[in-house]
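Undergrad: Use these hints to put chain B onto chain A, whose structure you have.
Quick mapping for you: the protein sequence lines, in order, are chains A and B.
Each residue of the first sequence is one higher than the one before, starting from 0 at the first, in numbering that gives the first Met the number 0.
Each residue of the second sequence is one higher than the one before, starting from 0 at the first, in numbering that gives the first Met the number 0.
Warning: the hint list may mix true and false statements.
[Said to hold, decoys possible] Straight-line Cα separation of at most 16 angstroms, EDC-like style, residue types lysine to aspartate or glutamate; simulated pairs:
hint, chain 1, residue 1, chain 2, residue 2
1, A, Lys217, B, Asp346
2, B, Lys638, A, Glu198
3, A, Lys234, A, Glu198
4, A, Lys190, B, Asp448
5, B, Lys218, B, Glu248
[Said to hold, decoys possible] Partial chain A-side listing against chain B, Cβ under 8 angstroms, derived:
hint, residue
6, Asn10
7, Asn17
8, Asp447
9, Pro449
[What the hints assert, rightly or not] Derived Cβ-Cβ restraints for the label pairs, each shown as a range:
hint, chain 1, residue 1, chain 2, residue 2, range
10, B, Lys318, A, Lys217, 27 to 33 angstroms
11, B, Thr11, A, Pro82, 52 to 58 angstroms
12, B, Lys575, A, Glu262, 55 to 61 angstroms
13, B, Glu573, A, Arg318, 56 to 62 angstroms
Calculated directly from the structure, the hints in this document are not laboratory data.
Where a beta carbon is used, it is the ideal one built from N, C-alpha and C, also for glycine.
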Amino acid sequence: MDQITLDILWNRLIATVNEQAAALMRSSFTSIVREAGDLSAGVFDCRGRMVAQAVTGTPGHINSLATGMIHILERFPADSLVPGDVLITNDPWKTASQLNDITIATPIFSSHKLVAFCVNCCHALDIGGRGLSADSRSVYEEGLFIPVMKLYEVGKPVEAIFEFLSANVRTPEEVHGDIHSQIVGNNVGGKQLLAFLNEFGLADIESLADEIIGRTEKGMRDRIRALSDGEYRIKLTIDGFDAPVVINTRIIIDDDELTVDFEGSSGAVPQGINVCLNYTRAYTTYGIKCVISPDIPNNEGSFKPITVTAPPGSILNARHPSAVGGRHLVGHFLPSAVMGAFAQALPERVMAPGFDGLWDTHIAGVERGTGKHFSFTWFSAGGAGALKDQDGLSATAYPSGIAGVPAEVIETLAPLVIRRRELRADSGGPGTFRGGLGQTMEIEVLTDEPYLFNGLYERINFPAPGLHGGKQGQTGRLLTSNRAELKSKISCRLPEDTVVTLEMPGGGGFGSPMQRDPMRVLNDVRNGYVTPTSASKDYGVVIDTERWEIDGSATKELRHQMTE
Amino acid sequence: MNLRIGADIGGTFTDLILIDDSGKTFQVGKVLTTPDQPDDAVLVGIGQVLAEAGVDPGSISHVVHGTTLLTNALIERKGARTALITTAGFRDAIEIAREHRYDMYDLYLRRPEPLAPRFLRFEIDERLLADGTVRKPLNDGDVRSIITSLKHEEVEAVAVSLIHAYVNDTHERRVAEILSRELPGVAVTISSDLVPEIREYERTSTTLVNVYVKNIAQKYLRRLQHRLREEAGIAGTLFVMQSNGGVCEIDTAVQYPVRVVESGPAAGALAAAHYGGLLGYKNLLSFDMGGTTAKACLIADGEPAVTGEFEVDRQYQFKKGSGLAVKVPVIEMIEIGTGGGSIARVDAMQRLHVGPDSAGARPGPASYGLGGSEPTVTDADLVLGYLDPAFFLGGSMTLNMNDACRAIQHNIGERLNLTLMEAAWGVHQLANESMASAARIHAIERGKDVGKFPIFAFGGAGPVHAYGIAGILGSPRIIYPLGAGVMSAIGFMTAPLSLDFSRTFPGTLNNLDWQGVNNVLNDMEVEGKKALSRIIPAEQVSFQRYADMRYRKQGHEIRVPVPGGILSDSRRGELKTSFMQVYASIYGHTMAETPIDIVSWRVVAQGPKPRVTLPRAKADSSREAESARKGMRQIYLPKQRNTVEAPVYDRYALVLGTVFQGPAIIEERESTVVVNGPGDIRVDEYRNLIVDLLQQG
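The following block holds chain A by itself, in its conformation from the complex (with noise of 0.2 angstroms):
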């Protein structure tokens, strides 16, 4: 095949999935799905290897979905389906780790033949059990769980699993229609492929697969050769529930292969922040990406090269049947993890470690004058980590993408008073690129009983470290107007008139803040990104706040003691 031909059909199989995720965003019920694009669409092979991926989603879904074809097809083997059949799963040791996350895949066939699957992985809004939180014991508590199974059998729905369905989710009416949008987005992708294959006077994807993913593959292992032969390591501790979660990374460089080991990191705990390996494989795979790969596509090749693994019943491969809702908990902190360890291998490359873990609040409770009930869940952003040239992104969700929720609506929905929300000065690492600022939010609940407050963070014991003498983040911390205590992962009464201050941490710098140019850390303080104090205790850079310039002389013999 030649490259242009190449070139054509790929992009053309890259719309296709493009196309399937588009008509399934559109159509979503569920608003974390339209706004955040809490979904991943892709078409495998009929061997299940992955060909191509839509352009959006999350690294969790994307990566996760990538290796789940495989276990599918082991229930379901290609030969055994038929046209108009459609199969389901939400089970998180074969997919994404979490019970909301329903993958629905679709056979498409060309005149009876199998030629590939159009498959997609969507939040649900509602799964039952306890909701999406991390308190479950076990998977049992979590919800629903759907083995691969038939959701339809020769173009007939099996209605026992939408009645299952019906009968176990508190938003029925949704959850059918979020799985109805995922089953048409799929036939949106089965028939504009079937249209391709027309087009091109293809039989099937198999050689235009092996096409793409030998190439991707080779690509791949050329970036792997490039690096350093070696390995390299970092120890990232983080939060955790109720007592700390260490996340030992090994990253073992051979030639053009490229080996994770989380060996040494923490067990599994009671909570439900148990990482299934799926999940673990597609945040770890998806930082490797980022460092090394962005501009290689995203299919069975770029994964074919690397390896990873966790100890079996530890928190990052967790067992059946651990808890696991909470996964994202520990998951998001894979990226930095492979940042801080491949810091030594490509020290220009990467990112310092940010706040990671989104910031999930959840308020519930009785509203003043109406009496009306209210419950109300939203997730910030803190700081992302610096770069070699780059500060790093105030309140920014990194490696989650979801977007926030502006105050205004928060306000409209739910009877709370956002007081502030702004960035925290000095929360972002000293570095000679600063990490990000995280951001202060103030809340207040129009109410006269007390309230139910659930908070899942991080980042309060333990800050994101600085790279290449960076200095680590601020820490996030706590507050409430009335002394009531609160950790970083609560579920409490707290009384009415309790207001509660959430500081997100920031992230880490990158490269010695005595380096950093004080024209910039000018800059910062006059825009209160960094205190007067912290300019001279951390950059040693001596700021004239009348006048808005740099002490030039002050600050050569500041910089020049402290470097002594």
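TA: For chain B alone, coordinates are given in the frame of chain A:
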């Protein structure tokens, strides 16, 4: 006789058109844009078209104008020194934005700098609650102390955006009052006046964009108005094209310059819709490809769709989420980084990519001979024989074939082990693929099957690529209007007077405060009628009502037509049906039980649509296509995988009724129609070229 002029300032050229209602006068003109003083080119161009048509300036009833001046000021950050006043605790809403990354894998992504730096963002200790009640009253003294700082900082423009001001504007109005009294000459925009809609980041961002370019808009438009009257002798009214597909008076454009930022592309889509109406196509894909980008817009049921939001100053070429959010009505289209100047490259994995980076006008494509060495789409089109090196822009510029061949051969052919022609074809076809794919996604997002839509192709490079794109999309027909380069100016002529109003007044369909809804709608209509009746008789003003509705828990609203008259509980069914229809047309299904929420209400006040009559050609059956043939040229035909001799026609010599077959090349001054395969080609009475594609695949 009602004579009107359209003047569209683009990056390179300023296009002009002079028409009357009868279709007798139809004069187009093109002059080089004068970036330092854009009105110079407008004056020169107007002088030219008037002279050529032999029309007296005194008889011009009005001039419609559009410009990229404000967009450029935003991208180049050449607007006012701007400050922002917010509610205490919220000066960072503009910087925190949506807290998300717009690209998953690029660690180095950047976000646009807010138009007001943090040290120029001031907070006032006032607070409204979500229902508009005052929790903490505004203290005038606080405003005055901010004014001291604003003076000290020599601020030229101030945006005011207070929390929940979209439900209660009293605090913002008070702040504006004090500001305008104590800071005369400083531009002020308050969010509740410009965009009274929920979501503080989007509202604040829009307010900042508006005030940032307010001084520039005012100075420029007033000067143009003055010079038209004094120097050109045109007493007619000056209107400005808006992004929503309507025109407004100068006063409105000066007050709300953000509404005119995307006027050029909007007008192109309007022109497409107009031609569609003329030729009997209710559905069309408008396809406009220029030097750096391509824009596609679906015209369904005769109208381009209007959406509520766009972005300026995108940091990542064309990537959604990477720019400053602007919440004003705009004709919905998709823009991608594929144009004549887009650079083709081979990546580390030996894959060929086209765009999104562009060689621009300088150094431009390799064949421009201005120092560009990287191959571009234009270079590929030249190598393939689609363009005539001696007849680029009607011969006003020559292209260097050798440089084009060298760039393609060296950068692509050698690296991929392809012949020169194969490499050039790869560039051409990959450009087509990405444009077709973007158009198809755009259609899917609107629930339409683009394969059934004829393509309306214009812009300098549109006619070169439309045939290939039609093949990919399976389109039945392509329409190539005459004057592909002045479509925006023609679009100006078809735009009605139009003003948009919106109010956030949330509620649930099953339990609406109908009295409140009627008040909100009525207020907007009264305001619209008052504004428009200054220009046209009040009885000519018509209204369209819309509501932004969604199923509960969905993140985005859809715009739903709302019936006129007094609304009440008995008419709830009409609203519900309207919502269901729009929803089903986009998403293909509806939900029976899920509650429906309404977030905002909108009114579009419009004047009558101006009549535009295009000149019609007379049939001349004695003229065969043969007589319009300029010669023969070797062009690359993909089916044959080889170059073949094909006829080249002079577009201006083709007359109504001429019928011929592809492959063929048809040249006009501003573009070249490339039919590099089979197709039935004919000329219609407006001298449009119509190409019917034969059975594909």
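Undergrad: Decide, hint by hint, whether the structure agrees.
TA: Against the structure, the hints come out as follows:
1. Note on Lys217(A) and Asp346(B): the hinted pairing holds, with a Cα-Cα distance of about 13 angstroms set against a maximum of 16 angstroms.
2. For a cut-off of 16 angstroms, the pair hint linking Lys638(B) to Glu198(A) stands: about 13 angstroms separates their Cα positions.
3. Pair hint Lys234(A) plus Glu198(A) does not hold up; C-alpha atoms about 53 angstroms apart against a cutoff of 16 angstroms.
4. Between the alpha carbons of Lys190(A) and Asp448(B) the distance comes to roughly 12 angstroms, so the proposed pair stays at or under 16 angstroms and holds.
5. Only pairs whose Cα atoms come within 16 angstroms are accepted, and Lys218(B) paired with Glu248(B) is accepted, the gap being roughly 15 angstroms.
6. Satisfaction of the interface hint for Asn10(A) is found here, the shortest Cβ-Cβ separation to chain B being roughly 5 angstroms, below the 8 angstroms cut-off.
7. Annotation: interface hint on Asn17(A) holds; nearest CB of chain B at approximately 6 angstroms, less than 8 angstroms.
8. Interface hint at Asp447(A): violated, since its Cβ lies 16 angstroms from the closest Cβ of chain B, which is beyond the 8 angstroms cut-off.
9. About 22 angstroms separates the beta-carbon of Pro449(A) from the nearest beta-carbon of chain B, more than 8 angstroms, and the hint is not met.
10. Hint check: Lys318(B) to Lys217(A), Cβ distance near 28 angstroms, so the stated range 27 to 33 angstroms holds.
11. Thr11(B) and Pro82(A) have their C-beta atoms about 54 angstroms apart, which keeps the hinted 52 to 58 angstroms range intact.
12. A hinted range of 55 to 61 angstroms holds for the C-beta pair Lys575(B) and Glu262(A), which are about 60 angstroms apart.
13. In this structure the supplied range 56 to 62 angstroms holds for Glu573(B) paired with Arg318(A), their Cβ-Cβ distance being about 57 angstroms.
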